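Peer 1: Given the coordinates of chain A, assemble chain B onto it according to the supplied hints.
Heads up: the protein sequence lines correspond to chains A and B, in order.
With the first letter of the first sequence counted as 1, position 14 gets the number 211 in this note's numbering; the numbers rise by one all the way through.
With the first letter of the second sequence counted as 1, position 38 gets the number 51 in this note's numbering; the numbers rise by one all the way through.
List of simulated lysine to any residue pairs, SDA-like, C-alpha gap at most 20 Å:
{"hint": "1", "chain 1": "B", "residue 1": "K112", "chain 2": "A", "residue 2": "E239"}
{"hint": "2", "chain 1": "B", "residue 1": "K112", "chain 2": "A", "residue 2": "T262"}
{"hint": "3", "chain 1": "B", "residue 1": "K112", "chain 2": "A", "residue 2": "P272"}
{"hint": "4", "chain 1": "B", "residue 1": "K112", "chain 2": "A", "residue 2": "G255"}
{"hint": "5", "chain 1": "B", "residue 1": "K112", "chain 2": "A", "residue 2": "G225"}
{"hint": "6", "chain 1": "B", "residue 1": "K112", "chain 2": "A", "residue 2": "T268"}
{"hint": "7", "chain 1": "B", "residue 1": "K112", "chain 2": "A", "residue 2": "R265"}
{"hint": "8", "chain 1": "B", "residue 1": "K112", "chain 2": "A", "residue 2": "D235"}
{"hint": "9", "chain 1": "B", "residue 1": "K16", "chain 2": "A", "residue 2": "T297"}
{"hint": "10", "chain 1": "A", "residue 1": "K254", "chain 2": "B", "residue 2": "K112"}
{"hint": "11", "chain 1": "A", "residue 1": "K254", "chain 2": "B", "residue 2": "F115"}
{"hint": "12", "chain 1": "B", "residue 1": "K122", "chain 2": "A", "residue 2": "G237"}
{"hint": "13", "chain 1": "B", "residue 1": "K112", "chain 2": "A", "residue 2": "T297"}
{"hint": "14", "chain 1": "B", "residue 1": "K122", "chain 2": "B", "residue 2": "H89"}
{"hint": "15", "chain 1": "B", "residue 1": "K112", "chain 2": "A", "residue 2": "S258"}
Rather than coming from a laboratory, the hints here were simulated on the basis of the structure.
In this text the structure is predicted, and so the values were computed from the model without any measurement.
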Amino acid sequence: EADIYQTPRYLVIGTGKKITLECSQTMGHDKMYWYQQDPGMELHLIHYSYGVNSTEKGDLSSESTVSRIRTEHFPLTLESARPSHTSQYLCASNSGRSDTQYFGPGTRLTVL
Amino acid sequence: DAKTTQPNSMESNEEEPVHLPCNHSTISGTDYIHWYRQLPSQGPEYVIHGLTSNVNNRMASLAIAEDRKSSTLILHRATLRDAAVYYCILSPPTSGTYKYIFGTGTRLKVLA
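Next comes chain B alone, as it looks inside the complex:
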C-alpha cells in the first residue's frame, strides 16, 4: 500500500490561507488522494478527494501535482474551528475494501 508523508505540525494565523502538503512518491496510477481531518475528541471527517485534476468544494481545495507525487490541501481562510489533525490518504479505486492507511497527519494550529 502506498504511503504518504506529511509535516507533523503547522501553524497559521486566523483568516489567512493555509497550504498543507503531502508527499506520495509511490502513488500508483489509479490511487485516489483523500484528505480527512480529525477535530479534538471526534472521529475523522471527510474533507476532499481527487485523482488527477484540482478539486474544489465548500470546505477546501485540493491541488495535485502534475506527476501526482505530491498534493496540497488548501484552506482559503483558516478559522479557529479548522484546528485539527489533517490526514492525507491514498486508496485504490477498486480495492474491494477501501482500507485506508492513516499516518500521523499534520496537526494544524490556528492562531487568533
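Okay, chain A solo, but in the shape it has when bound:
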C-alpha cells in the first residue's frame, strides 16, 4: 500500500488568496510529481522533482510553484488563486529503481 498523503482533500477559496497544497510520502522516494486533472479529462504533468532542491516544470504550463526542501515533502503553491485554477491536483512519487508511480488521493480545489 502506498504511503503518500495529500492535504487538504477539498478546498474552496476566494479569488486572490494564496494557497499551498501539501504532499508527503514516507517511502523515501526521490522522484515526485504534481499532476492537474479537470473532471473527466486526462492527467497533465505540471511539476516534477528528481530530489531535494531539484524542481522542473512539466508539460502543462501552470502558474503554480513547487519546492523540494526535504525528500518526503513536495508542496505546491498558488500565490493568487483564480477560478481558472479550479481543478483536481494529484501528487505522485516513485523511487529511482522503479518507474511505478504511487499517487496520493488528490486535492480538489475550487476557486470562487
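Peer 2: Below, chain B without anything else, positioned relative to chain A:
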C-alpha cells in the same frame, strides 16, 4: 514520447472477463507498457506493467502482442469495484524522470 490509443468506454457484466485493448504502434524497443486505473474520486493506482512477455498478478493479466504494437489488460472476473478509468501508458526504462503521458483512458462500466 510514444502515445497510446484506447476506446473511450466499455461495458462488462459482473463476474465476466473483461479485455481492455490499447494500441501503441509507435512504441520503441525499450518502452515498458504500464496500466493504471483511477477509481472515482481517487488518484490513479498501479495495476500491472510489462515489456515483452505476458504478465500476471493478483489484480490482472497483461497480454502483449508479439510486435508490441498493442496490448490487452485482462480482468478475469469483473466486479463492481473494478468500475474505473483504465490508462495504458508507455515509459522508457531510463528516462531519468519517468514522465508519464496520460491519455483519456477507457472508462469501464460494470453491470450488476
